[in-house]
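J.: Work out the full structure, taking the sequences as your base and the hints as a guide.
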Amino acid sequence: MSEVTGAKDVEGENSPVEEDSAGEMTWPGPDFDKQRSLAALKHPLFLRKKRVHSASFSHSGVSGVTIDGVPSDIRALTAALHRSNDPVTFETLSPPLSDEEFERIFSSLMNEFFVHGKTQEVVDSLADLNLAPHQRRRLPYLAITMALQHKQTQYELTSELLSDLCGKVINQAHVQQGFSLVLSELGEIIIDFPKASEHVGRFIARAMVDDILPPKFIEFQKAVFSQPASVHCHGDSKNGASPPISAPPVNTLESVGFEQGLSTPDAPSRPGTRNLSDSSNGLHHTSMDQMVGTSVSSGIGSASSLSASMVTRPEVALEALVRAEDLLNLSHAFARLDNIWGVPFGPKATKVLIKKIQGLLKAFMESDDLEEATDALLELDSPHFHHELVFQAVIMAIERSTDVARARVVRLLKELCHSVVITPNQLALGVRRVYAELPDLQLDVPAAYTLMERFVTAAHAAGFLPKKLVSEMPVKHRKRFISETDSIYRTDYNIKPL
Numbered sequence: 001m002s003e004v005t006g007a008k009d010v011e012g013e014n015s016p017v018e019e020d021s022a023g024e025m026t027w028p029g030p031d032f033d034k035q036r037s038l039a040a041l042k043h044p045l046f047l048r049k050k051r052v053h054s055a056s057f058s059h060s061g062v063s064g065v066t067i068d069g070v071p072s073d074i075r076a077l078t079a080a081l082h083r084s085n086d087p088v089t090f091e092t093l094s095p096p097l098s099d100e101e102f103e104r105i106f107s108s109l110m111n112e113f114f115v116h117g118k119t120q121e122v123v124d125s126l127a128d129l130n131l132a133p134h135q136r137r138r139l140p141y142l143a144i145t146m147a148l149q150h151k152q153t154q155y156e157l158t159s160e161l162l163s164d165l166c167g168k169v170i171n172q173a174h175v176q177q178g179f180s181l182v183l184s185e186l187g188e189i190i191i192d193f194p195k196a197s198e199h200v201g202r203f204i205a206r207a208m209v210d211d212i213l214p215p216k217f218i219e220f221q222k223a224v225f226s227q228p229a230s231v232h233c234h235g236d237s238k239n240g241a242s243p244p245i246s247a248p249p250v251n252t253l254e255s256v257g258f259e260q261g262l263s264t265p266d267a268p269s270r271p272g273t274r275n276l277s278d279s280s281n282g283l284h285h286t287s288m289d290q291m292v293g294t295s296v297s298s299g300i301g302s303a304s305s306l307s308a309s310m311v312t313r314p315e316v317a318l319e320a321l322v323r324a325e326d327l328l329n330l331s332h333a334f335a336r337l338d339n340i341w342g343v344p345f346g347p348k349a350t351k352v353l354i355k356k357i358q359g360l361l362k363a364f365m366e367s368d369d370l371e372e373a374t375d376a377l378l379e380l381d382s383p384h385f386h387h388e389l390v391f392q393a394v395i396m397a398i399e400r401s402t403d404v405a406r407a408r409v410v411r412l413l414k415e416l417c418h419s420v421v422i423t424p425n426q427l428a429l430g431v432r433r434v435y436a437e438l439p440d441l442q443l444d445v446p447a448a449y450t451l452m453e454r455f456v457t458a459a460h461a462a463g464f465l466p467k468k469l470v471s472e473m474p475v476k477h478r479k480r481f482i483s484e485t486d487s488i489y490r491t492d493y494n495i496k497p498l
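Numbering (the working numbering), first residue to last: 1 to 498.
Mixed in with the good hints, there may be bad ones.
Straight-line C-alpha distance at most 27 Å; calculated BS3-like pairs for lysine-lysine [as the list claims (entries may be wrong)]: (1) Lys-467 with Lys-151; (2) Lys-168 with Lys-118; (3) Lys-168 with Lys-195; (4) Lys-355 with Lys-414.
Bear in mind the hints are in silico, worked out from the structure with no lab data behind them.
T.: The following block contains the structure:
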């Protein structure tokens, strides 16, 4: 009993329950947590070391391996789990395209673009694709080579597309590499398109006017293609030996100063000046690997190995560069190069077509070169507007009022109609427009009806003007002169009619 009583006494002494005291003073229990914090502030060495590493969970099933993204502090981890108001952003990622799929998609986009002519639709479609760098620099090459298979209307559309793509889908370095690739393969392209050198030179000049190529581009490329080729494209060197297949591409640009180099892919996308003398426009110092030193296996269409030894016919590329330089050196070059492809695509087309047709007719009247006039008409690529040529040609023959002018116009229209360059519908529409214009034309040319009658007779004799159109020619309105009976009523005699 005594042991039990002693145990109860001990429990009574250590029990936190306060008994009613008979007037005794009591004090609150000590706060050890607060005292430990104050002691840690005064004496940091007394702070107890954490059992958990700052960047890993030791002895927690991961063998001390660091877990990225998971906070090691328990409090921070708990706060992160309970933080539910953080914004969550989801991004849609598309897989990278293969080279074959990329060419197929871009070819389809270009064929549709040549029909509707809306550059923004192509830009939006390409912006949604996950393109590799070597695919982006191949865009200008594919666009230009596809445009060469069409007419000048598509050339103008392609120039506008390249200008809109630069800064949104591709940068200036991609444009430079794409044009360099076109120049390097121009010797093979010219086999299928004999005028490719002339047209590529126009593309380069137009791109420089549109500020998507730097001013030093022509100078740099001329230095590249002017280098003597130590290795021919067929693998036969001048000494008769050929390098191994696994050898890296020969760089012939060591002699070219880096101050003439191209801009890097990180260069500003669109410079803000058209000053050709500004050498700092989009040009930066680049390494040899960035300019032309990457390997051949860097991807399809890589503009890396652009040395003269890799080009089949460097003189063709130089011819295109010289053509571009000549166009840029013309007076008012920037204003002229805005319409370098002749007819623009849009509302201005009608006025430009009329001026172009008048120009080719004047040149034909002076030179009498039928082939040149036919080529100029076909370059306009506007078969629906050939009635304007018929109208302008007949009006010009009437205004000149000479037998030579009439004979040349008849010969021109005869050849164009027999070769079906001008269709019968376009011929009939143009002749009927002249018939409707005769009353007003008579004010300037009093003998307009007589001259038109002579032209219609000659055209029908040549065999291209049908008899139905000849019969539709209007007759000149004859003035009604005063007859003898009318003169009686205009005299002072008081004579009454019977």
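J.: Evaluate each hint against the coordinates.
T.: Hint-by-hint comparison with the structure:
For a cut-off of 27 Å, the pair hint linking Lys-467 to Lys-151 is broken: about 35 Å separates their Cα positions. A distance of roughly 15 Å separates the Cα atoms of Lys-168 and Lys-118; the hinted pair therefore holds under the 27 Å criterion. Between the alpha carbons of Lys-168 and Lys-195 the distance comes to roughly 31 Å, so the proposed pair goes past 27 Å and is violated. Taking the CA atoms of Lys-355 and Lys-414, the gap is about 22 Å. The hint holds against a cut of 27 Å.
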